[in-house]
Amino acid sequence: MSRSEDLNSEDYLKLLSTFALDLLQKSSLDEIFWLIADRAIAGIGFDDCVIYLIDRTTGELVQAAAYGPKSPEGRVIVDPITIPIGDGIVGSVAANLKPERIQDTRLDSRYILDDEFRLSELAVPIVLHGECIGVIDSENSKVNFYTEKHEEILVTIASMAATKISDAMREEELQSTVRQLKIVQDMLAAQADELMSAKEMADSSNRAKSTFLATMSHEIRTPLNAIIGMSDLMRDTSLNAEQFEFANIIWDSSNHLLNLITDILDFSKIEANELRISENTIDLKSLVEASVRVCTSANAESQVPVLIKYDPSVPECILGDEPRVRQILVNLIGNAIKFTSEGQITVSVRTQAENLLFAISDTGVGIPTSDMEKIFSPFQQVDSSHSREYEGTGLGLSIARRLSRLMSGDLTVNSTVGVGTEFVLSLPLRVVSPQREEPSDRIEVETSKKLKILIVEDNPVNRLLAVKILGQVGFTADVAVDGLEAVEFVNKSPYDLIFMDLQMPVMDGYEAMRKIRSNVAIDQPRIIVISANVQPQDVSNSYNAGADGFLPKPIDRKALVDIINAIS
580 MSRSEDLNSE DYLKLLSTFA LDLLQKSSLD EIFWLIADRA IAGIGFDDCV IYLIDRTTGE
640 LVQAAAYGPK SPEGRVIVDP ITIPIGDGIV GSVAANLKPE RIQDTRLDSR YILDDEFRLS
700 ELAVPIVLHG ECIGVIDSEN SKVNFYTEKH EEILVTIASM AATKISDAMR EEELQSTVRQ
760 LKIVQDMLAA QADELMSAKE MADSSNRAKS TFLATMSHEI RTPLNAIIGM SDLMRDTSLN
820 AEQFEFANII WDSSNHLLNL ITDILDFSKI EANELRISEN TIDLKSLVEA SVRVCTSANA
880 ESQVPVLIKY DPSVPECILG DEPRVRQILV NLIGNAIKFT SEGQITVSVR TQAENLLFAI
940 SDTGVGIPTS DMEKIFSPFQ QVDSSHSREY EGTGLGLSIA RRLSRLMSGD LTVNSTVGVG
1000 TEFVLSLPLR VVSPQREEPS DRIEVETSKK LKILIVEDNP VNRLLAVKIL GQVGFTADVA
1060 VDGLEAVEFV NKSPYDLIFM DLQMPVMDGY EAMRKIRSNV AIDQPRIIVI SANVQPQDVS
1120 NSYNAGADGF LPKPIDRKAL VDIINAIS
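My numbering puts the sequence shown at residues 580 to 1147.
Because the hints were derived from the structure by calculation, they are not lab data.
All of these numbers come straight from a predicted model, not from anything done at the bench.
Take the hints with a grain of salt, since some may be wrong.
[Unchecked claim] Result set (DSSO-like, lysine-lysine): computed pairs, CA atoms no more than 30 Å apart in a straight line:
id, residue 1, residue 2
1, Lys-743, Lys-953
2, Lys-593, Lys-778
3, Lys-677, Lys-721
4, Lys-761, Lys-593
5, Lys-1137, Lys-1047
6, Lys-1031, Lys-888
7, Lys-761, Lys-743
8, Lys-1031, Lys-864
9, Lys-1031, Lys-953
10, Lys-1094, Lys-1029
11, Lys-677, Lys-593
12, Lys-605, Lys-721
[As the list claims (entries may be wrong)] Pair by pair, the computed Cβ-Cβ distance ranges are:
id, residue 1, residue 2, range
13, Ser-738, Ala-768, 43 to 51 Å
14, Glu-824, Gln-931, 51 to 59 Å
15, Gln-923, Asp-862, 23 to 31 Å
Virtual Cβ for every residue (Gly too), placed ideally from N, Cα, C.
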């Protein structure tokens, strides 16, 4: 049909019916718009038509499909333009939600020239729920071309298409959202892979650190076991006053070294807030005097006196974590000695309200005000020159403050450069009665029953130490230098008690325990692991392999005798 006015009512109904059926088959915006252009507009007989869609992000009308000169080669729009809502005839129709027939565009200043100038224009809004979602616009080169019938049919087409266009827009928005979610999902998956890789690297690093710490623990605790054990045995021999003092210094210093090693191994726990505080009775005078003795003996070249002062209000004993308090005091007293070349150092103990205060003051170099908090950060010292002059890791004060706060206390500092420094450790004042024990020069067993004991230890000094400790309480023992020899001894002769090291050549303690436990032909002995491998996994593995108990090195004589008493 070359003329739209040639369409009668029956033709219009047929056109609308066909359009409606075709519209049902379309689901995308692109298909709907081109259906309007190719079928409806062409069917009416218009020479030109452009379908606009409102872009919700920009608020402009965008050319989405066309028929005639704007689309001469199929579904491609030539030089598409955009029109702001309210601009031109198309923009006015979108703003006012009313169709407009312009019989002579030369008389309407709103006319916007697109591809070529035409003399008449018909624009109809596509409206849904009172909102414009697009515009169907047709132009013709003749004046007074568009009739009321044209407007009516175009309004009907726009109305029929509105719901379908709205559905398609929602579908496209949904698909866009799905695509965005897929992108996010892919990004999250990539991040998850990265996190998994990072976790695997961290796990590998942690495993390496744990292995290193376990190895260092074993290698350092093994000689310490001999030093502490032998000095402890030495104190029970006939010594003059000076020799006894020397033995005490060795014992105190080696125990302090053991505590430092334990602190280093526990540093990761402190960082992760996993360190647990224990409670026991603390003899304050013994604690302070031992802490001063350790520090002065370790700094024998210092000529600065260390004075101890007790306020009359200070109780004899309090409840707290003695090793941790001792660790803090040794750090503070040691620092005072290190940074004080003349004058004196005073360790004073006093009470204040519900707190017990340990004040360590010196006449040393002092700390600048700007560095008061810096010194409590890990690996920090006052400045680089001090770092060169004074040795230290910069960990001590950081650990000390964290420990004080774990014990519901605090560690504060007050200092003047060139005058001196005072650190104050405050702890909750929880007074307890002293634990009175009958004085005894020796640790005694509570039974006369003789046990057949086997010591399995590859280190000759530690073997000798274990034999000496047992001999001191009236027992003899056989010795094996590795796990394989221990298994052979047990297969030949029954034993009541075996003290088993873990890390040994030829066969380690774990394998030896498993072989002993699997031998149903023997009377099973009690097996107590004595090891410098003291990580939680070492303890757990020991029990899994068949141990009845676990003693960490250095050997605690009382704990060892308690085991013998329990077995007897």
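Against the structure, the hints come out as follows:
no.: 1; hint: Lys-743 <-> Lys-953; in the structure: violated, 69 Å
no.: 2; hint: Lys-593 <-> Lys-778; in the structure: violated, 69 Å
no.: 3; hint: Lys-677 <-> Lys-721; in the structure: holds, 23 Å
no.: 4; hint: Lys-761 <-> Lys-593; in the structure: violated, 44 Å
no.: 5; hint: Lys-1137 <-> Lys-1047; in the structure: holds, 14 Å
no.: 6; hint: Lys-1031 <-> Lys-888; in the structure: violated, 52 Å
no.: 7; hint: Lys-761 <-> Lys-743; in the structure: holds, 26 Å
no.: 8; hint: Lys-1031 <-> Lys-864; in the structure: violated, 42 Å
no.: 9; hint: Lys-1031 <-> Lys-953; in the structure: violated, 58 Å
no.: 10; hint: Lys-1094 <-> Lys-1029; in the structure: holds, 26 Å
no.: 11; hint: Lys-677 <-> Lys-593; in the structure: holds, 26 Å
no.: 12; hint: Lys-605 <-> Lys-721; in the structure: violated, 34 Å
no.: 13; hint: Ser-738 <-> Ala-768: 43 to 51 Å; in the structure: holds, 45 Å
no.: 14; hint: Glu-824 <-> Gln-931: 51 to 59 Å; in the structure: violated, 34 Å
no.: 15; hint: Gln-923 <-> Asp-862: 23 to 31 Å; in the structure: holds, 25 Å
Violation of the numbered hints given earlier is confined to hints 1, 2, 4, 6, 8, 9, 12, 14; the remaining hints are satisfied by the structure.
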